[in-house]
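With these hints in hand, go ahead and build the complete structure from the sequences.
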Amino acid sequence: MRASRQDILQGTLTLLILQTLGSGENHGYAIAQTIEQVSNELLRVEEGSLYPALHRMEQDGWIESQWKLTETNRKARFYSLTAAGRTRLQQETENWERLKAGVGLVLGWAQ
Amino acid sequence: MSWFNRFANTILRRDTVGQEAEDEMAFHLEERTKENIARGMTPAEARREAQMRFGSRSKLREETRDADTLVWLNTLARDSRIAMRGIVQRPGLAITAILSLGLGIGATSAIFCVVDTVLLKPLPYPDADQLVMIQETIRGEQIGGNPARRRDWQQQLTAVNGVGGLYSEGVVLTGRGEPRRLTMQRSVGPVFPILGVPPQLGRGYREGEERVVVLSHKTWQTHLGANPDILGTSLNLSQTPYTVIGVMPPTFAASTRADLYSAAPPDLDSPRRTGSWLGLVARLQPGQSLTALNTQLATVGARLGAQYPDTEAGLTARAEPLLDATTGPARRPLWLLLATIGAVLLVVCANLSSLLLVRASERQREFAVRSAMGAERFALLRLQLLESLWLGLIGGGLGVLVAYWGVELLKYLLPADLPRVETVQLDGRVAIFALGLALVAGLLCGLLAALGGASRATADHLRDGLRTTRRTWLRPAFVTLQVVLSTLLLAGATRFTESLISNLRTPLGFNPNGVIALSYSFPWDTPGRKLYSTFQQSLDRFAAIPGVTSVAFVDRLPLGGGTQSGQIEIPGHEFPPALRNLPVSHRAISDNYFATLGVPLQSGRIFHPPTTNLVEAVINATFAKLYFPNEDPIGRKFTFDTKREPGKAPNWITIVGVAADIRQELRQTRQPPEAYVPFNSVYWPQANFVLRTNGDPTSIMAAARQEFLTIDPLLPIESLRPLTDDVKEASSQTRTIASLLGGFALTALLVAAIGLYGLLAGEVTAQRREIGIRLALGAEPSAVLSGVVRRGLILVAAGLALGLALTVPALRLVASQITDPNDSPLNAALLAGLIMLTVALVASLIPARRASRVDPATALRHE
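So the protein lines, in turn, are chains S and H.
The first sequence begins at 30 in this note's numbering and counts up by one.
The second sequence begins at -14 in this note's numbering and counts up by one.
Quick caveat, the hints were computed from the structure, so don't treat them as lab data.
A few of these clues could be false.
[Stated by the list, open to error] Chain H residues, not near chain S, derived (Cβ > 10 angstroms throughout):
(1) -10
(2) -9
(3) 41
(4) 139
(5) 143
(6) 283
(7) 358
(8) 625
[Unchecked claim] Calculated pairs, SDA-like style, for lysine to any residue (alpha carbon to alpha carbon, straight line, at most 20 angstroms):
(9) S:97 with H:320
(10) S:104 with H:410
(11) H:396 with H:299
(12) H:106 with H:591
(13) H:19 with S:99
(14) H:19 with S:102
(15) S:97 with H:2
(16) H:19 with S:135
(17) H:19 with S:53
(18) S:97 with H:14
(19) S:104 with H:5
(20) S:97 with H:7
(21) S:104 with H:14
(22) H:19 with S:59
(23) S:104 with H:106
(24) S:97 with H:47
(25) S:104 with H:18
(26) H:19 with S:60
(27) H:19 with S:62
Glycine residues also receive a C-beta, built at the ideal position from the N, C-alpha and C atoms.
Next up, the structure:
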């Protein structure tokens, strides 16, 4: 295991999932892969948190799921954003930007 | 929506949800494995890496399920399943608990239903709690109301809004099919405004309005076809036409039991102050209390007594709520039943706690394991509570069923003249009450058991195995409580049975077997001549029916109670006051009466042929014994004419014969002296005929009915039945109470025995090892046996002592109402004690024998 890989910060997993699904529906494995690839393998998604998070988000009504066939003709559960999920994505993004700015300021001040 | 979704997932889709999560994870693993292979790993390596990354699948499965479902509901469902499994594992315990709880709760609810309907529900009148009944007494003796006095009360009492007087009389409805006997309630004063219930149809009558009648709803429905055009039509009631002006609503009859309502004839509302036959009702003025009214009654009563010393000296009066007055005689037996069944319920609950306590102590090891595995104490408590909750729920469900059938059974068992008993039914409130009661009982018992037993699940239990010989005080206390209550119930049941048996054993003085009784009555204004000729005609016609061997007339049948009576005077005799004031009953009979009922004539003869003058009488043995202790009464004279004007010669009656005593009431504590006079020498329009038969009673009853139609087609027969029915009916209340109490007592006894057995059996199991060691060291098996029995008997003896100590005052409390208060309750208490001890002995012997047969080798290897 490479040390440079980061476990995902608690709470940001939701944002990452919403962001990933923003570009179209996908199944859990692909979501994990996308996050890792897009982040240049900097971020690593724990399966142990991914699926509970997906199910919780579905219950909260931000995403919905459907069983479909993959390109390789395998049955998989595909998740997609709902309208509520899109709003949520926007909010979470704003929250993240604010957090990032805040953390940046604090770090800058400390130096 | 999310909540609902999760709820649906929990309840309806739990398997689907689990399976989908499983599939999803399988897919993920496969994809990862494929990718790993693509990166150059061997398939085995690829799979292992994928699995390692994935972590614990079962943990993941749980976490996704928690996301999809309601966690608490899941826990509840899981714990319920475990609890259910626990219940099913011990079917004996479960069945005992559920059955006893169901029976206890069901019976309590059923009796509560009756008490509620009969005693507690307000009467169906507006502001019914303001209605009172006024009871007058003169020199301590209760009397009825008099119309002139009613007027005085109404004028002088300011605490009430008018005073109404009521009485009922029998009338015969003719001209509408078969003649029918109906009860007409007559009123003096503003009865309808006082009760405050407007008729459903038409109007009520005005005070003193003549020849108009208001129908009860039932009369309108059953006898007049519920025809709404009935208003304004005429009804022929005892040969007098009445105009129907109204119909009362169905609820109204609940406490009056009359078929028709009408004003008393105006001539009856006279200033005459003799004659007292009214029931007085009144409504409190707003803001006035019962106490204020009673104070006024005392003042006004004293004033009236001074004003009319001839008729009203010593007059007092008391008011009580109308509800209490109408339910008066039923009150104590019903509360008694409720208290009894409450005691049974307590025994049941104590037993349930005790059973659950055994269960808890048996599971101490299991709970120790569970808590060692990390179960929280609360989770363990929850598990135990769920188990007792489920037992309570099932028991409660059974209880509702039992209550439903119990109400029907009680309606059948309880005397039909109990007010409002026919309207008793299990309503939703009581059903919910029953279920709630069961749940609370279950929870409380479970909580007691859990706190008393299982919470001490510690590592010690794991280390030492099941060697808990510590005795808790809780279970023995429960057993003792059960014994106390069962003893009380047993003593009560024994007491009533004893009284019933003694009532039934005492000779009736007549032979009711093979005798048919037929009753009818004329209106009170029928001329005597008409009565006597009809009676004589009936005697002749009935005697001619084939299979009838003998016929007689009597004004009032034996066992029916209540004869007319008066004080007597015997020339040349001075009696002490007790004898002088003793009322002597008199009955009017035809000469065949004693022969027909099989009553032996002890001396003399019967008046024959009967004359129309009151000159001859037959007396009973008690009369002869009391008034002529040392002489032959035959030929002696006496008179009822004690209140004659001075100087006027009384109407002397000559005693011609002495007949054996006949019981006039079943629960008769003292045989009254009686004189029998010829039926046509006194005026009495109510006739009873007794027909001794030697043929088929059914066909003879039909023939008698047929014969009577030819004598007077307009007169209804009031009743026609075997005389043995009267005997049964007379004993019915005591019989009912005795059998109900007996049933309760048996239930309680059984439950208590199970409780005792359970306690001892549990202790023997817990001490198996100890007993084994003692036996191995040479203890006699008989010593072990007697040790266990002794322990059982000590518990029982404590309960028995307390129970018996309570029995005497408790029986005093109830016995005065229903049985002869002079009897000592000691027999009942002793018998109850004996039964209790025997049952306790058996219940302790079974576990004791098991203990004495413990094989030391197995017992020591056991753990």
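Decide if the proposed pair is consistent with the structure: residue 19 (chain H) and residue 135 (chain S), CA atoms, cutoff 20 angstroms inclusive.
-> 44 angstroms, violated
Assertion that residue -9 (chain H) lies farther than 10 angstroms from chain S (Cβ) = Answer for residue -9 (chain H): violated, closest chain S Cβ roughly 6 angstroms.
Find the nearest Cβ of chain S to the Cβ of residue 625 (chain H) and say whether that gap is larger than 10 angstroms.
-> 96 angstroms, holds
Whether residue 41 (chain H) stays farther than 10 angstroms from all C-beta atoms of chain S, as the label says | 8 angstroms, violated
Quickly compare the C-alpha distance for residue 104 (chain S) and residue 106 (chain H) to 20 angstroms and report which way the hint goes.
-> 68 angstroms, violated
Is the nearest Cβ of chain S still more than 10 angstroms from the Cβ of residue 358 (chain H)?
-> 23 angstroms, holds
Pair hint outcome, residue 19 (chain H) versus residue 62 (chain S) [Cα-Cα no greater than 20 angstroms] | Answer holds: residue 19 (chain H) to residue 62 (chain S) is near 13 angstroms, not above 20 angstroms.
Is the Cα-Cα distance between residue 19 (chain H) and residue 60 (chain S) 20 angstroms or less?
-> Roughly 16 angstroms between the alpha carbons, so the hint for residue 19 (chain H) and residue 60 (chain S) holds.
Compare the distance between the alpha carbons of residue 19 (chain H) and residue 99 (chain S) with 20 angstroms, and conclude whether the hinted pair is satisfied.
-> Within the cut-off at roughly 14 angstroms; holds.
Run the C-beta distances from residue 283 (chain H) to all of chain S and say if the shortest one exceeds 10 angstroms.
-> Consistent with the label, residue 283 (chain H) stays out of reach of chain S, its closest Cβ about 77 angstroms off (over 10 angstroms).
Below or equal to 20 angstroms on CA atoms is what counts here, so check residue 104 (chain S) against residue 5 (chain H).
-> Satisfied, since the Cα-Cα distance of roughly 11 angstroms is no more than 20 angstroms.
Does the structure keep residue 396 (chain H) and residue 299 (chain H) at a Cα separation of 20 angstroms or less?
-> 43 angstroms, violated
Comparing the model with each numbered hint stated earlier shows that hints 1, 2, 3, 9, 10, 11, 12, 16, 17, 23 and 24 do not hold.
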